[in-house]
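What follows is each chain in one-letter form.
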Amino acid sequence: MRVLRVHLVGWTASFRYPIFVTGYQPTLPVPPVSTIYGLISAAKGEYVTPQDTKVGYVMRSDAKGVDLETIYMLSNDNSVKSNVYKREFLLNPDLYIYLTNLSFKEAFKKPEYSLLLGRSSDLIMVTEIKEIELIQKHGRKRVGGTVVPFCEEGIWGPLQALPMYFSNTIPREVIGIKPYYVLGDFIEYEGDSFLYDEELEWGVYIHG
Amino acid sequence: MNNIFTYTGNPFVDAGITAMLVWLGKEKPEDIEDYEVKNLIDEITDLYTKDGWNKIMYSIFPNSKLTNPSVKDKKGEYTKFLNELLSEVTVLGNGGNCIACGRRNYKRQFTKTQVPLTGTSDFINFFSYGKEGADYCSVCALAIQFSPLIFYKAGNLVCLQSNNKEAEKIYANKCKTFIDMQKATKNYTGCNDEGYTNPVNALFHLASDIILTYDRRDWQKDNTNIRLYYFTNFNQPPIDNLSIFDMPDKIFKFLAYALQHEEKDNWKKVIKRGYISTKKVNLEDEEKYKNLRNDVYERLLRGESILGYFVDTSERKTLVGWSFLEYYMKGVRGLEEKRLETIKRVSDDIAELIKAKGNVRRLTQLETAKTYGEFRNVLRLVIKDRINAGFERPLFTIDEYEKYLFPEGNLSWKETQDLIIFRLYEQLHNWLTGNEEIKEIVIGEESDNEIEKEELSYE
Ligand SMILES: [Zn+2]
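Just so you know, the protein sequences line up as chains A and B, in that order. Under the UniProt record's numbering, the residues of the first sequence are numbered 1 to 208, in order. Under the UniProt record's numbering, the residues of the second sequence are numbered 1 to 459, in order.
There could be a bad hint or two in this list.
[Claimed, not checked] Here are the simulated lysine to aspartate or glutamate pairs, EDC-like style, with alpha carbons at most 16 Å apart: (1) A:Lys81 to B:Asp51; (2) B:Lys330 to A:Glu188; (3) B:Lys165 to A:Glu152; (4) B:Lys221 to A:Glu173; (5) B:Lys131 to A:Glu152; (6) B:Lys221 to A:Glu190.
Hints in this document: simulated from the structure, not taken from any laboratory.
Based on the provided sequences and hints, a complete structural model is requested.
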């Protein structure tokens with residue numbers, strides 16, 4: 001399958017667990033699919049959904065750290081209080097995204113909005129845009145750095161309910177929430193549900 | 001009406017579903033019927049309003065009908081709330097905006113009062129589009145109400161989650177037995193509490209319990225990872241009110257291997273060596289040490305080596321056998337089979353030479369080598385010794401050296417050293433301690449720090 005592969009790197013990244021609003025804010029080791037669609041939308045400058053392109057991705061990082069940050073809590077009576085949170089972040093994020101729609105090449109060459117992996121301070125930059133061939137490789141392959149829908153045979157890992165993308169309505173709604181295995185680390189996988197990137201020697205799960 | 005529940009990946013919803021499955025003796029979430037949930041509502045409202053349980057509810061559902069002092073009829077009010085949710089139950093659809101199941105729409109928002117760690121309406125900027133809480137459908141919110149049945153108390157509360165739903169059920173069954181006992185004795189003490197306050201130790205304890213409950217089960221066939229959400233949802237929570245502890249499948253499998261192995265008592269000795277304490281601890285009395293930090297456990301979770309704990313360097317002996325070590329090195333450390341085989345064969349040849357020549361100094365040199373260069377040089381001396389002693393087979397080939405002994409050179413040399421030392425202790429311990437003449441040499445060696453300098457020069 002011919003795909004567009006975009007390599008992005010940054011200094012920090014953080015992916016909030018959608019279910020926790022609490023004093024300690026852990027980060028997922030890899031972004032949910034919705035973050036990838038958000039990223040593509042920012043590059044394109046338009047709302048992008050799975051109807052526009054399917055996506056796969058592999059993300060790695062060097063370490064996890066904890067930061068203290070001031071937050072502002074807005075109440076329904078319009079009062080604002082400040083507080084301190086502990087927020088986990090990932091160091092040196094390294095992300096490859098795969099798009100089945102090759103026409104997004106131009107968007108990543110000259111992104112419309114700044115590209116982020118988490119909050120507004122988690123800036124990332126594009127280092128390579130390349131058209132490559134993802135192949136079907138039978139037998140064992142290394143897979144990880146991504147999320148995979150729960151119950152996919154031969155995959156295991158911590159579970160989390162995560163969205164696929166968001167609507168662009170007011171209010172914005174989550175679409176396609178389901179349980180995913182969150183593969184922070186790489187595992188050995190035998191099945192055929194992943195395509196294969198020969199150059200980087202890992203499997204790629206295509207969402208959408 | 002069934003087909004109302006399904007696993008969601010949300011730890012609290014899934015814990016509630018697992019609790020219901022175990023209490024109802026069912027297999028699949030989809031099999032649970034709404035009228036069965038109605039019966040369980042009586043059970044939990046009864047339980048949660050008992051003193052021992054009600055106290056715990058302050059750190060699960062603060063300000064709720066169960067805990068708010070202004071609510072006089074706690075049981076009645078909470079039952080009413082649960083029945084309201086139940087009356088809103090619909091079957092699973094194909095889509096929806098509930099943030100847990102994604103298969104139904106939410107009817108209202110929920111906060112930490114009904115769903116732990118969800119914040120309050122003082123956080124509206126944290127919720128999607130400034131709503132006053134999180135978007136859960138009534139069914140998922142209802143399921144969450146059952147999750148405390150299988151929370152575990154370890155200082156803070158623990159919500160256990162696994163990709164292996166059978167493992168989750170084994171754990172939940174233990175919780176049910178515990179609660180059944182409370183009911184039988186009318187002594188309601190709250191969630192299962194076995195005196196652990198250290199979450200890492202609690203994680204290993206719970207995993208061990210799951211493994212040993214089904215002793216005959218072949219855990220090696222499954223990939224089971226265990227995750228603990230360690231939290232408190234108290235009204236004024238400390239800033240560290242949530243931590244996540246993961247036991248990856250390879251550690252779980254290793255633990256299963258160790259606990260079902262004939263060497264399980266030796267494994268327990270290894271564990272005991274891992275407890276960190278500044279004062280002497282009585283290791284006969286578990287209560288005295290079970291909440292001390294354990295370096296073996298912590299290293300396993302961090303993905304670091306515990307090889308050092310398998311040998312007793314002061315006595316030059318190993319605590320576990322080679323086959324046990326082999327499982328650990330392959331299963332947990334990911335070492336190649338061929339590498340282990342080569343290291344074992346080379347070590348055995350070195351042991352043979354040391355025995356034949358009575359040359360304990362070589363062992364000492366291998367033990368004390370501080371750099372890759374030093375260690376390599378001792379191996380060179382061993383090769384020379386072997387030639388002098390008339391051994392014909394070389395200690396190793398160039399190919400073996402590069403591929404299997406030191407595949408990453410400087411990076412992997414220490415691991416190779418540790419493995420060679422392990423095998424040498426295993427092969428030589430009896431010979432070293434059982435032979436009076438050798439014992440004398442060994443004692444002489446220890447007082448003799450002068451290692452011949454010229455012999456250790458590099459080439
Ligand atoms: Zn739901």
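Okay, the hints, checked on the actual structure:
no.: 1; hint: A:Lys81 to B:Asp51; result: 35 Å, violated
no.: 2; hint: B:Lys330 to A:Glu188; result: 14 Å, holds
no.: 3; hint: B:Lys165 to A:Glu152; result: 14 Å, holds
no.: 4; hint: B:Lys221 to A:Glu173; result: 40 Å, violated
no.: 5; hint: B:Lys131 to A:Glu152; result: 34 Å, violated
no.: 6; hint: B:Lys221 to A:Glu190; result: 15 Å, holds
Hints 1, 4, 5 from the list above are not met by this structure, while the remaining hints are.
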